[in-house]
Every structure is written in C-alpha cells, then in structure tokens.
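Chains as they are written, first to last, in numbering that gives the first Met the number 0: chain A, 0 to 54; chain B, 0 to 249; chain C, 0 to 226.
Accuracy of the hints is not assured; some may be wrong.
[Stated by the list, open to error] Coverage of chain B stretches by chain A, computed from C-beta distances (three or more under 8 Å per stretch; other residues unrestricted):
#1 6 to 14
#2 115 to 126
#3 145 to 158
#4 218 to 226
[Said to hold, decoys possible] Sample of chain A residues with no beta-carbon within 10 Å of chain B, all distances over it, derived:
#5 Arg35
#6 Asn51
#7 Glu52
#8 Gln53
Quick caveat, the hints were computed from the structure, so don't treat them as lab data. Glycine included, every Cβ here is placed at the ideal spot set by N, Cα and C.
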Amino acid sequence: MNEFLAMGGYAAYVWPSYALAFILLVANIVAPMLQRKKTVTEIARKLRRARNEQK
Amino acid sequence: MNVFMRWFHKMGSPKYFYEVSGKMIPWFMWTFIITLVYGLYQGMIVSPPDYQQGESVRIMYIHVPAAWMSMFIYVVMAVSGLISLVWRIKMTEIFVISSATVGASFTFLALATGSLWGKPMWGTWWVWDARLTSELILLFLYLGIIALHSAIEDKRVAARAISILALVGVVNIPIIHYSVEWWNTLHQTSSVTMTGKKAMSTSMLIPLLVMSVSFKLYYGAVVLMRARAELLERDRNTRWVEEVVQEDTK
Amino acid sequence: MSTLSLTSAFTLLLKRDLTLAYRRRAELVNPLLFFVLVTAMFPLGIGNDPILIQKVGPGVVWVAALLAALLSLDAMFRSDYEDGSLEQFMLSAHPVSILVLAKVLAHWMVTGLPLFIAAPLLAMMLNIPNQAIPTLMLTLVLGTPVLSLIGSVGVALTVGLRRGGVILSLLVLPLFVPVLIFATDAVNTAAVGIPTTAQISILGAMLVGSIVLAPAATAASLRISLS
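With the rest of the complex left out, here is chain A:
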C-alpha cells in the first residue's frame, strides 16, 4: 500500500493531479446544484408573497 502511495517517488506530482481533478469534478456538480437551489428558494419566496397579498 505504501509503495502504491509513494508512486515510485512521483507522489508529489501524481496525487495533486488526481486531487485537483477530483476537486474540479465535484465543484462542477455542486455549483449548478447550489445555483438551482438558490433560484428555487427565490421563486418560492416570491410566490408565497404573491399568495399572501391575494388574501
């Protein structure tokens, strides 16, 4: 296992590459989720306000 993690002495280059890839892949999934959530809450708030005004 240690040998695997050492990457033949290239650990300092291989693992950051994979870590960066992981971070970017996750970030691109999370960002649209947050964007969608924000929009949905905004519209929901607006709708609720509109409904309250009608009453």
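Since chain A is already given, all that's left is putting chains B and C on it; use the hints.
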C-alpha cells in the same frame, strides 16, 4: 418529420426539456461513476509504469482526457451556438454558457496536470510546448466567453453574443493551433515530448479511453444540470417554472 | 436612399469617417505615440545589450503594435453608437457587412497605417538589421488590417457595455496570436537573410480570410448588441 426531428423539436420546449433532462441526469451520473471507477482501476493498478517516465505517467490518465474534453466541449459549444443563431432555439443558447464553465474547468485541469507532469519530466513547471501553449490560449478563449456573458445584463442577448464569439473562436482554433506548432518547431527547446508519437501499449490505451468516455458522460450530466439551473433562472416568471417550484418546495 | 449604389455608399462612409477622424486629429497621434513609448520601454526594462535588443526587436515591435491596435479599437464604433448613427447603418438598404468593411478600412487608415510609417524608426532603435526592415513593414501592412478586422468583431460585441474595454482585450488578444507568430517569425527570418515567402503568404491568406469572414461576423454582432 421523422422521429428524431420531432424529438428535437419537442426538446425546444423548456418544460419538456426540464422534465426529460431531469430523468437523464442520473443515468449520466451513474454511468460516469462506473466508468470512472473502472478507468481509475485500470489506470492506477492494472497499467504498468512507463519504462522512461515511471509512475509519473499516471498523470496522463487525467491530463490527456481533460485536454481532449477541452477541445470537444469547445466544438459542442460552437455547434450549439450556430444552432441557436440560425434557428433561435432557446435550449441550445443555454447550452453555450453551460458548456463554457465546464470546458474552462477541463482546460484548466489539462494545464495544471500538464504542469505537474512537466516538473518531473522537464525539470520546470512550465515549458512553452506547443500543446501546453495552445491549451493556454484555449483557456483564454473560454474565459473571454465567460467574461462577456457575465458583462451583458440581458441574458438572451448575452447568449447570442457568446454564440458568435464561440463561432469566431472555432474558426480560429485550427489556425492558432497550427501557428503555435509552427512557432514551437522553430524554438524547439525540449526534446522529451510527453505524449510522443510512439505506439502506446494497450495497457495504457485502455485506461486512457475509459477515462475519456467517463469524462464525456460527466460532461453530459453536468451540462444538463447547469442548463436546468440556467433555465429556471431565465424563465422565472413563467407558469411552468412556478409549477416546478411548487412541486419542489411541497 | 435606394438610388445610392453600394460603391458610393462605401466611399461616402469611408470619406465621412476619415473627415471625422481628421477633425479630431490631435487624438490620432495617441496610438502612434503609445506604439513608440511601449517600444522604448523594452530596452529600459531588459538592459541596453545590443545583441539582446536585436534578438527581441521584432517581437517587441509587434507586441507594441498589437497593444496600440487594441488601444484604438474601442473607438471604432463608440461615437456612432452614442449618437445613434450606428442604428441608421443597420437600417440601411445595403448589406451591413460592406458598411462595416468601410468603417474598418477608415479605422485602419487612421490607426494602423501610422504604425507602418513609424516602423522603420523603431526598427533602427531596436537594432533590427536593414535587410529585415522591408519585411517588417510588409508584415505590418498585411498584419495590422487583420488585427482591425478581428478586433471589429470584439468591438461590435462589447459596444453597448459600460466597461467594454477590458473585456475587449480579453476577447481579441488570443485571436491575435497567429498574426503575431507569423509576423515576428517573418522578420526574424529576414534578419538572417532567408526568404520569407511562406510567412508572408500565410499572412496574406489570413488577411483575405478575415476580409471575407470578419465583416459578416461583425454585422451579426452589431445586430445583437443593438437589439
């Protein structure tokens, strides 16, 4: 009208697109994860270290697919730009900006991993190698598109402006690439090319191809997620969005 | 209006833009001055070693030309946008791309051409060998119109924006790369006495290609920006 055209036409309706893409995303996501795990297994464990570059060659399984994606996404973006300019289809307009952010991420990833790979191979973090330089210019093109989109207030106008920019870029990319290659052969400093023309062994080719398929599936999932988010934001005053929101917050 | 032929519309617009530029002739010197100043900064930055200066000379002149072109681009459609005449052009019976070509030509004549005239002076300042000076001027004649044409697309896309200038440079500088590469390479090659037919032909091809393609893209961009 054949089946495909009818489907394409239907996809032009925001509501229908929103529903169908919602069902497609999990499929893309799961196939992405499965191929990713398989690709990582092949790349990290099965494939042998390179006889020249040792274990550092494993960076290639990220770097090369990311570089492929950066170009693939640009072409997809330009094609959707062309479709939205010619037929004024709203859905493809949204695809242009949704692709730009993902494409910029992959371009950055290709550059950063290229630099991390270059350090042990060339001894420096950055070499003005033809591929890296082209990739850098591609990143600038992506960033220009994103900057222009965020600078224009009216998102409908912004989408069409960046469609034109993407098309201008796609015409220029082959010229830029060719000129950078020309420039590089004149100023050749590095003798080691990272992905030389030598025939690659199958044990290395398999993880490379699996990873590139995996990244494409990922792009499919992410671009749809982004497109849906953009769509909700843009159509926020329409009936169908209100229905979706009510369904969501119930 | 329909009585006006396309050629006379083209020449009229060209004349109009040149007259307008002539009225503000004090401003015309600015890009040229900028070009000379940027070039003069380089030896101050890298030291006065004549061999080093000679080596970087063509690159410096061309990067300075790139920046000078960029600096002047912003004004291409600005005043016409502000006084509304740009919208009049869009409504004209003639193809907008031809009118755009006239405007780009006028713009190049007042901003690009002076660079070409100043080039021999700068070439001497930067120790560029005499035999390379005609090539330098030739690359400027072929290259700077390409910069104006490509730039016009970027200007058209950013014309309505308040802070368009910075974004404009972000949009067009990456597209200037091929011109920069082939032009500097031609000058460097000429400096060592090797024929430069290949580079000059490629620059010529780029000029023809951008004359054909850029005005259409600019016209489409203007239509979007003004919508």
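Quick rundown of the hints versus the structure:
1. 6 to 14: That given contact is violated, which follows from only 0 residues of the segment 6 to 14 of chain B lying within Cβ reach (below 8 Å) of chain A.
2. 115 to 126: holds (count 4)
3. 145 to 158: violated (count 0)
4. 218 to 226: holds (count 4)
5. Arg35: violated (4 Å)
6. Asn51: holds (15 Å)
7. Glu52: At about 15 Å from chain B, glutamate 52 of chain A clears the 10 Å cut-off, so the statement holds.
8. Gln53: holds (14 Å)
Violated hints for the displayed structure, listed by number in ascending order: 1, 3, 5.
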